[in-house]
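Asker: Take a look at the letters that make up each chain.
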Amino acid sequence: MSFDVERVRRDFPILSQKIRGKDLVFLDSGASAQKPRAVIDAMVRCMEERYANVHRGAYFLSEAATEAYEAARLATARFLNAPDPRGIVFAKNSTEAINLVAHSWGRHMLRPGQAVLFSELEHHANIVPWHLLKEDKGVELRVVRVTDSGEIDLEDLAAKLEDGKVGLVAIAHMSNVLGTVAPAERIARMAHAAGAKVLFDGSQAAVHRRVDLQALDADFYVFTGHKLYGPTGIGVLAAKLEHLERMPPFLGGGDMISSVTLERSEWAPPPAKFEAGTPPIVEAVGLHAAIDYVTAIGMEAIEAHERHLVDRAMRRLTDIEGVTLLGRAQDRGGVFAMATDYAHAHDLATLLDRAGIAVRAGRHCAEPLHTRFGVEGGTVRASFGLYTTEAEVDYLAEALTKAREFFA
Amino acid sequence: MSFDVERVRRDFPILSQKIRGKDLVFLDSGASAQKPRAVIDAMVRCMEERYANVHRGAYFLSEAATEAYEAARLATARFLNAPDPRGIVFAKNSTEAINLVAHSWGRHMLRPGQAVLFSELEHHANIVPWHLLKEDKGVELRVVRVTDSGEIDLEDLAAKLEDGKVGLVAIAHMSNVLGTVAPAERIARMAHAAGAKVLFDGSQAAVHRRVDLQALDADFYVFTGHKLYGPTGIGVLAAKLEHLERMPPFLGGGDMISSVTLERSEWAPPPAKFEAGTPPIVEAVGLHAAIDYVTAIGMEAIEAHERHLVDRAMRRLTDIEGVTLLGRAQDRGGVFAMATDYAHAHDLATLLDRAGIAVRAGRHCAEPLHTRFGVEGGTVRASFGLYTTEAEVDYLAEALTKAREFFA
Amino acid sequence: MFDDLRDLYQEVILDHGRKPRNFRRLEDADRSARGDNPMCGDRLELFLKLAPDGRIADAAFQGRGCAISTASASLLTETVKGKTAAEAHALSDSFRELAMTGTCPHCQAALEEEMERLQPLSGVHEFPSRVKCATLAWHTLNAALDGAKEASSE
Amino acid sequence: MFDDLRDLYQEVILDHGRKPRNFRRLEDADRSARGDNPMCGDRLELFLKLAPDGRIADAAFQGRGCAISTASASLLTETVKGKTAAEAHALSDSFRELAMTGTCPHCQAALEEEMERLQPLSGVHEFPSRVKCATLAWHTLNAALDGAKEASSE
Ligand SMILES: Cc1ncc(COP(=O)(O)O)c(C=O)c1O
Ligand SMILES: Cc1ncc(COP(=O)(O)O)c(C=O)c1O
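Residue numbers (the working numbering), protein chains in the order written: chain A, 19 to 426; chain B, 19 to 426; chain C, 12 to 165; chain D, 12 to 165.
Hints may be right or wrong, so weigh each one.
From chain B, some residues computed to sit far from chain A (all C-beta separations above 10 Å) [claimed, not checked]:
#1 Ile58
#2 Tyr69
#3 Glu85
#4 Glu114
#5 His141
#6 Val146
#7 His149
#8 Gly156
#9 Ser167
#10 Ala177
#11 Pro201
#12 Ala212
#13 His261
#14 Arg330
#15 Arg333
#16 Asp371
Straight-line distance between alpha carbons at most 25 Å, and here's what the computed PhoX-like set of lysine-lysine pairs gives [unchecked claim]:
#17 A:Lys152 - B:Lys152
#18 B:Lys155 - B:Lys178
#19 A:Lys178 - A:Lys155
#20 B:Lys152 - B:Lys178
#21 A:Lys155 - B:Lys420
#22 D:Lys143 - D:Lys92
#23 B:Lys152 - A:Lys155
#24 C:Lys30 - C:Lys60
#25 B:Lys152 - B:Lys183
#26 B:Lys155 - A:Lys152
#27 C:Lys94 - C:Lys60
#28 C:Lys92 - C:Lys143
#29 B:Lys420 - C:Lys92
#30 C:Lys30 - C:Lys92
#31 A:Lys420 - A:Lys152
#32 A:Lys420 - D:Lys92
#33 A:Lys40 - A:Lys152
To be clear, the hints were calculated from the coordinates, so they are not data collected in a lab. In this text the structure is predicted, and so the values were computed from the model without any measurement. Note that CB positions come from ideal geometry on N, CA and C, so glycine has one too.
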């Protein structure tokens, strides 16, 4: 199927909005993506025709809602080529999914003296939970270096795995700042060979590439609905069932127990054990629609389209005077963080906004990475989605050029 | 304003559905309520016109989304008459909100030797987190008895508070099984006089009554969006700011820190400290619309309408042969759990479903309460919403009578 | 009001639901397992007595549940008697297909008679939330045959 | 492309942003406070030297931030000199109203001249996410005057 970006854009109602009289050029999909009509409609239909709380309801609407909720789990498992749908846990976002692993697996399965290893390019969601774990349990934290080109330093990784003390390697499958795509299969093999489990933060990667959990052999993989053109309020933890079975629950409440007395509780099998309380029902339906949407277009077609955009951006954004790109990884996706010598990131973002361009300014929840690259003040980040066009990339380049004149 | 239930019903698209050819009689609002058009529309508009990730975005859509998200916080604070909007934390549901308190406040503010007290009528969401806390930290758990009429036994409460060792009293403001409304102000005074903090699980109460946190003087109050005619995926923890300020964070990630280095994190002030990761943006907008919706109708009008229904149900459901109502509290809302001598709850629910009646069968995430009342096998529960009619109550009574013949 | 429910609650189901057969402990059971459906609170314990040749000599159960799960357990104890473990497994698989789809086209001819007796439970396939009630006893049977102690029809 | 932004980025802002006045440590400061806007990473430290009569004898700042926050801090150090603590607080309140609403109808006549100087920053009120950039220094001023050590414009 050939990819027609103009047709795709018509699926997204918000893209036809004018912003302050200008066409919207939405280059902040890395923070959160826009929603196609199919997702919005699926959520509306759920609420207008098939809504009730799931599980335990022996009546039509509840059965229909339960079926829809569980169908979303199956679709998610297929989307990731997960070995078993019971390994798919719905959380509220990537952040909760990683915290779940830190709390439940980290607190109970890591032995004293073991370490958690992450990299310099991680999002705070894959740093702060480990800080909290360290405070609580005293595990060691090791940080893998990132090379000047923005890649995970595999030699450093090997060195830091060598003593066999690392219990978990937690790495972003794709950086939300540099765009770097990590060599995940290789990292998983290295981790496993050193006796460690591996968690990939796929919040960015799952949006842009086909993910194959069986090929990756990942112990834990997380992503978040709202970046995949789906709703807010839902994230995914995909885990090997054997881990989930051994892990104690994280949140306690309804639907995650098999029996409760006043004195004690017994846990339900996974995934229920990790889904306390009323789950994101409408959001699961929306996520399912989002998965169907990108699958119908084809992850390969999306990747190819974005590769074109990345190539063009690399050409157009690298020769603008006063603009410095962070990172130049070989394998990268459509995320570009830029520092300029003429304006603070915040001022530049405001300026671009006036031209209709939505970009993010700051440190993008990756403060250590900005420190690493000596840009504590932050960067302006443009990030692409499947609806991004070459014309938008060109327009951004033009605006960056003119911005220099403005501030001069 | 006079309350016109037929007009209200037209606001809920799903209520005009036929279920297996019968009019839908939805009596499971206690599990999750249906959504009015205003809520659905607000969510759609957010996704079609004003969507982006919140915070840090220096561009139009992100500013608009941030404003909408924070407006939802203000609306929630007003709805509860909370003393300070910074005490409003958005979680994913009530369950997460209570777990947040157990983890963050419970683990760090309770001193060794202190106890957590809850009652026999609690939902699992207000039991299991305390079991987990006990396992982790060894606090004592005390359980207040429920009288035969289904009320919190205040004498027992007084006795169990007497030694001053209780650090937290955690009680359902309204029972999801018996309908009992707890004398919350009185309980709060008793708790405070004994040196304890108080948490109310308002998951049911906030839907049916005006809640006034300042009058209650509650330390913590939780409710959940989907029962208040709002979306799934959002819940509320309303806490006194002084507690939130002292509590360590629960989930770690983006947006809840003020600075992160590779070695450590510093926390942002509340409520941000407790809202790690991308929050339920669209859901907050939907919750805001739900709050506006019930506020426009008027919580007093809703309460009065439901009081009529409760009175009628008490007359109609109490004289059906073979049907026993659980609980007869003086102050009660529209939740009726029934055991019958002629059918298992599950069979009865299936039967009622065929008549278009949606009720829940089981133990409604309140297993200890069912044990307390000797109905381990479960009950059938009918629960009302603002769209419930007297005719529906009558139809339920008729169906329960005919069901007896069916199984005879 | 409920006429079309006679498909699901056929007289034989109501009868077995009210007066379950073989509803007792087998004190000298060779195999037993507990089945649990946490979602609706149904629980049962299944007991098997094996003959020297390995066939099921006796089967019984105890527990609490709805009419469907009770009738299903009751019919199970009747139909598995005299079966080898392999036959019982095959019957269990066939029954679960029947409960989920309403038919069992690929079922072994050898089990035709037993499937005939279980036929009244086929109506459950139209009620997704009730399928687990019907299959709980059969999951428990598998667990007992395999030497496991617990089954869950979640 | 950006012409309508000249309202926000007036020449005086760009100028103070590029060449902030009083951009230094006051080693002998009587009061100082740190301001932090975690949402955008802006940080500054404000120093005040008080005269024997309690008036602000000197003001200076250091830190990093965008043009708006830098210009605002720079203009602050110029306008608070010679003010009593009460006057400085009043100026701070007035400025924050100006930044949030674009005008300050109730502002004290006595501060007219200072408000005039700060007027170029009023354009920020159209940019909700940037208001905090403009007010950070003023929050920090209040903190310094009140003897607190930190301020946050979150
Ligand atoms: C009294 C009570 N508490 C807590 C809950 C849990 O709410 P949620 O499932 O939205 O977390 C419920 C509803 O299920 C409830 O009725
Ligand atoms: C790499 C990465 N990890 C984690 C997250 C956190 O996702 P969420 O905010 O949905 O929890 C993000 C996005 O913010 C991200 O880009």
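Asker: Determine for every hint whether it applies to the structure shown.
Answerer: A quick look at each hint next to the structure:
1. Ile58: Violated, since 5 Å does not exceed 10 Å.
2. Tyr69: Check fails; 6 Å does not lie beyond 10 Å.
3. Glu85: The claim stands: glutamate 85 of chain B keeps its Cβ more than 10 Å from every Cβ of chain A (closest is about 15 Å).
4. Glu114: violated, 6 Å
5. His141: violated, 7 Å
6. Val146: violated, 3 Å
7. His149: violated, 5 Å
8. Gly156: Holds, since 14 Å exceeds 10 Å.
9. Ser167: For serine 167 of chain B, whose nearest Cβ neighbour in chain A is about 20 Å away, the distance exceeds 10 Å, so it holds.
10. Ala177: holds, 17 Å
11. Pro201: Holds: least Cβ distance 22 Å, greater than 10 Å.
12. Ala212: Nearest chain A Cβ is 21 Å from alanine 212 of chain B, so the label holds.
13. His261: Correct as stated: the minimum Cβ-Cβ distance to chain A is 19 Å, above 10 Å.
14. Arg330: Nearest chain A Cβ is 22 Å from arginine 330 of chain B, so the label holds.
15. Arg333: About 25 Å separates arginine 333 of chain B from the closest Cβ of chain A, which puts it past 10 Å; holds.
16. Asp371: violated, 4 Å
17. A:Lys152 - B:Lys152: Given pair lysine 152 of chain A, lysine 152 of chain B holds - Cα atoms ~22 Å apart, limit 25 Å.
18. B:Lys155 - B:Lys178: holds, 20 Å
19. A:Lys178 - A:Lys155: Satisfied, since the Cα-Cα distance of roughly 20 Å is no more than 25 Å.
20. B:Lys152 - B:Lys178: holds, 18 Å
21. A:Lys155 - B:Lys420: With Cα atoms ~60 Å apart, lysine 155 of chain A and lysine 420 of chain B exceed 25 Å; violated.
22. D:Lys143 - D:Lys92: Given that 25 Å is the threshold and the Cα spacing comes to 23 Å, the pair holds.
23. B:Lys152 - A:Lys155: holds, 18 Å
24. C:Lys30 - C:Lys60: Given that 25 Å is the threshold and the Cα spacing comes to 22 Å, the pair holds.
25. B:Lys152 - B:Lys183: holds, 15 Å
26. B:Lys155 - A:Lys152: Within the cut-off at roughly 18 Å; holds.
27. C:Lys94 - C:Lys60: holds, 11 Å
28. C:Lys92 - C:Lys143: Cα-Cα ~23 Å, so holds.
29. B:Lys420 - C:Lys92: violated, 38 Å
30. C:Lys30 - C:Lys92: It holds: about 19 Å lies between the C-alpha atoms, which stays within 25 Å.
31. A:Lys420 - A:Lys152: violated, 47 Å
32. A:Lys420 - D:Lys92: violated, 38 Å
33. A:Lys40 - A:Lys152: violated, 48 Å
Hint violations for this structure: numbers 1, 2, 4, 5, 6, 7, 16, 21, 29, 31, 32 and 33, all remaining hints satisfied.
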